[in-house]
Structures are given as C-alpha cells and as structure tokens.
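Novice: For this one, chain A is given, so just place chain B on it according to the hints.
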Amino acid sequence: MPLDTQSPILRATGLNKSYGDRAALIDASFELWPGEVLAIVGESGSGKTTLLNALAARDQPDSGSVEFQLEGGALTNIFTMTEAQRRLLARTDWGFVHQNSADGLRMDVSAGANVGERLMALGQRHYGKLRATACDWLARVEIDPARIDDLPRHFSGGMRQRLQIARNLVTQPRLVFMDEPTSGLDVSVQAKLLDLLRQLTQQLGLASVIVTHDLAVARLLAHRMIVMRRGRIVETGLTDQVLDDPQHPYTQLLVSSVLQP
Amino acid sequence: MTTPVLRLTNVSKQFTLHHQGMTLPVLQNVNFEVAAGECVVLDGSSGMGKSTLLKLIYANYRVSAGSIQYAQTGHAPLELTTATPRRLIDVRRHHIGYVSQFLRVIPRISTLDLVAEPLLAELGYDEHALKQARERAGVWLTRLRIPERLWSLAPATFSGGEQQRVNIARSMIKPRALLLLDEPTASLDALNTQTVVTLIHEAIAAGAAAVGIFHDQAVGNQLATRRIDMTNFRSITCAAQ
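Chains A and B, in that order, are what the protein sequence lines are.
Take 1 as the starting number for the first sequence in our numbering and just add one per residue.
Take 1001 as the starting number for the second sequence in our numbering and just add one per residue.
Isolated chain A, as found in the complex:
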C-alpha cells in the first residue's frame, strides 16, 4: 500500500438512505485509500449491503456524496456523473463480486466469454488475444483453461465464484466491491478463495470493500474494518484493533458471539 498517495480512492460523506419509514443508512462517512482492503461487518439488516450499493452507484442514496478518484487524480462525485460515465466506470475501474455468482455471471455463455466480455466492452476485438487473456485469467483463478468453452452453470459453486473474480479483475480495476464473496462455499474452497483474493489485491494494488458477516474472513483479508448496526457506522479501526479491543457495546457483543474471530 503506497503511503505517498495524496488522495483517497473513494470518499463517502454523510450517506443517508431510507426505505419508506425505515432508515437503512444513517450518516455514513469514510475514506478508502489505494491498495487498502476495508471490511464492512454487522448483522443482517444492519445496512451493509445498502452502503455497498450506494458506494458502487447501484442505488442512489437520499443524501450525501460518494467521490471516486478518477484516473487523472481528481475526486469526482459519482452521482453527478452521467449514467454513461458511471457505466464506463463499472466496466473499467470498478469490479463488483456478488454473493450469488449467478448475479455476476452470464450463465448462458461460456466461461471464456464471461471473462472476455468486459474486455470487449473496452473495445478489444482480436479473438485470439481475447481467448489468450481469458485462458490466462482462468489459470490465475485456478480454473483449468480446458474448461474455457464450458458454461458456468456446469461449474461448482467455488469455480463460479472464482470465474466471477476473473471476470471482474480482467480489466485491471482499481477498486473492487465484494458482497459476501466467500459465503455459501465450503471451507476448503473458501480458504483457497481467500488466498487468491489476498494475492490479487497485493499484486495488483487493488483497493477493495468487502461486505461480510464472517469476522474470521475480515481478520485475514482486511486492513481496516467498519462495524454497522441499524444503519449506522458504530465503530471503525484497524481490523485487529476492532476485533481485539472492541469499544462499542455492539462490537463487544458481536466479537464475543463468535468462535475465535
């Protein structure tokens, strides 16, 4: 993580979102720096996914701003961009790894096409190069490149999740959002995926925001942690600070409720 960077890659300021009478997100503010992995934890319904969707411009907050550092270095409010600009960002500088891989993959096209599609959206047309890049990325996420023409629906859950990661990272994004990327996977697959995510974030200097309810996953992957409860950020800090010396009553309850976080 370069310390000489002058500006955060993402800055959320005063985000609020309500669904009817229910406040799902209350005054959420934080910064994310290049190369940093931030975990958002909290129980179901605490506003984790609402926050993630607001950050990734998938859902507009009622108030507040989300600024992203564009390639030139300037922080720009993503909600004042045009829809076309936001879509370009989502295809290039950002990745989004869904909890349910079917939401992030196209299940009716081949694994190779799933990886190549984002590159094609950026204007790459050379079939040979697209296929070679897809093969390379399948290998990087430890899927046998011989499966390049198979449909994701014929893949196991762990393979689909790795394919989703390859599809997202092939365009070398600078920021990746992940919604419970390892939940629903059996533990051996989960360990492999954690290792893969850790390696890729280090090698590519990616910044990422990971929503998880698994504190052990957060401890192993994230530099920093945000704890949410009832739509509010109740505690932030280095991951090990929050887990080992929790200050807020809710964080103390959360940490004491799990086996060896």
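Think of the hints as simulated: they come from the structure by calculation, not from any bench.
It should be emphasised that the depicted structure is a prediction, and the values quoted were computed from it without experimental measurement.
Incorrect hints may have been included.
30 Å max Cα-Cα, derived BS3-like pairs, lysine-lysine [what the hints assert, rightly or not]:
1) A:K192 / B:K1131
2) B:K1131 / B:K1174
3) A:K129 / B:K1131
4) A:K192 / B:K1174
5) A:K192 / A:K129
Rough simulated footprint, nothing fancy, chain B against chain A, three-plus residues with beta-carbon under 8 Å [unchecked claim]:
6) 188-201
7) 228-241
8) 249-257
The beta carbon of each residue, even a glycine, is placed where N, CA and C say it ideally should be.
Specialist: Below, chain B alone, put in the same frame as chain A:
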C-alpha cells in the same frame, strides 16, 4: 546521547465491558523509554498487564490515556496513539514487529510463502522478488530447524512447536527497528529456545530495540539489558482488591 526508539508517557489502559457493566483498570501511569540496542524485559506475574502493554505499543489495543511515541532516525517522532490506520499499517510493515507464539494465517498457503511474504512489501510481487524472498525464507526456516520437506506444506498440520517456529521466522525475517516479543519461546525445547535467543541477540546487535515478555526466567536473563517491574504500573484501585 541516543534518542529513544520508543517513549511511553503516562499511559493508562482500562477495559470497559459494557455488557458486564464493569470497568477493568489494567495499567496506570506507564512511563519508560527504550533505546536502540536495548532489550527491556517486563517482569510480573500473570494478569499484570504485560501483554496488554505490548499490544498498546503495537496499537492493537487502544490507550485510555497517555502518549506512545515511536522515533525513526531522521524523522519526527510518530504518536502511535493517534496515527491514522494507514500510517499504522505502514509502521507495522516496516518498523515495528510483533513476535508472539501463535501463528494466525490464511489456510493452505505454503510455509515457505508465509515466511517470505513480509519481504514482498518492499521487494515487490513479481517472480524475481518472490524467488529472492523464498530464498531468504529458506535460510530462516533452516536456522529454525523446519525440515525442507515441510516447506511446501501449509503449517496447519504441524506440531505446536513447529508452528511457533514458523511464526518466529515470519515475524523476524524482515528487520525492524522495534521488536515486541510476547513469549516467543514459550513452548519451545531447549535447543530451539537457544536459537531464538540468538536470533533476538542478532537483531539487537544490528540496532533493533526490543521489549519482551519471557515466562522462562533464564531466557529473560540472557536477553535483558534492563528490566521493568510491572507492579509499578498497577492502579491503586486494583492493588486494593
């Protein structure tokens, strides 16, 4: 006169346990300095706050009051209690190491790569850097008597002592200016204990400062250039209980 690497001023720590409705005072008025080339050993029985003190210095625990300053040569002292998370991550990566007896890592990564990893932050993450880092990791594992046939395996199935030695290699491979030693030799046999003592001596001779806790008096005696009695830092309320 050498500038201290570490300076603690009026540090106190209490744990507020909201659900138990309790406040546990652990440390009060901690004042001391550690210079390069010193190994300060913390003396005190179990529950006196020795580990808590190391964790406060590592910014793993948050102080209730006071100041903890880390001085790098040629730089203004850094106040660890108010440093940003980014700064703390950088300080831990390059300057302050925490050596404990417990290995806590992502499962299924080879022992060699686990030990090599701390070097990659400065060497880079390309193939050449990885090769170089693995070579140095091999040297450390050899010194700590981890047989080469185990290097490609993840340490999950290793014995407690082997895991502990892997952790020491991983924690010490990257030279750092300040070492926090939390019973690093706790369950090692005599031969390996002696190796770890030698490694710590080498780090200190190379200019590191260290603060350590050693259950084994003999180890503490071999390493200590100065000792601090933890009873000095107990709060009055606690002492009265």
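Novice: Confirm or reject each hint.
Specialist: How the hints compare with the structure:
1. A:K192 / B:K1131: Status holds; Cα separation ~22 Å.
2. B:K1131 / B:K1174: holds (16 Å)
3. A:K129 / B:K1131: holds (29 Å)
4. A:K192 / B:K1174: holds (26 Å)
5. A:K192 / A:K129: Holds, at roughly 28 Å.
6. 188-201: Check passed, 6 qualifying residues.
7. 228-241: Since three or more residues must qualify, the claim that chain B covers the region 228-241 of chain A holds, with 4 doing so at under 8 Å.
8. 249-257: Three-residue rule met by the region 249-257 of chain A, so holds; n is 4.
Hint check: no violations occur; every hint is consistent with the structure.
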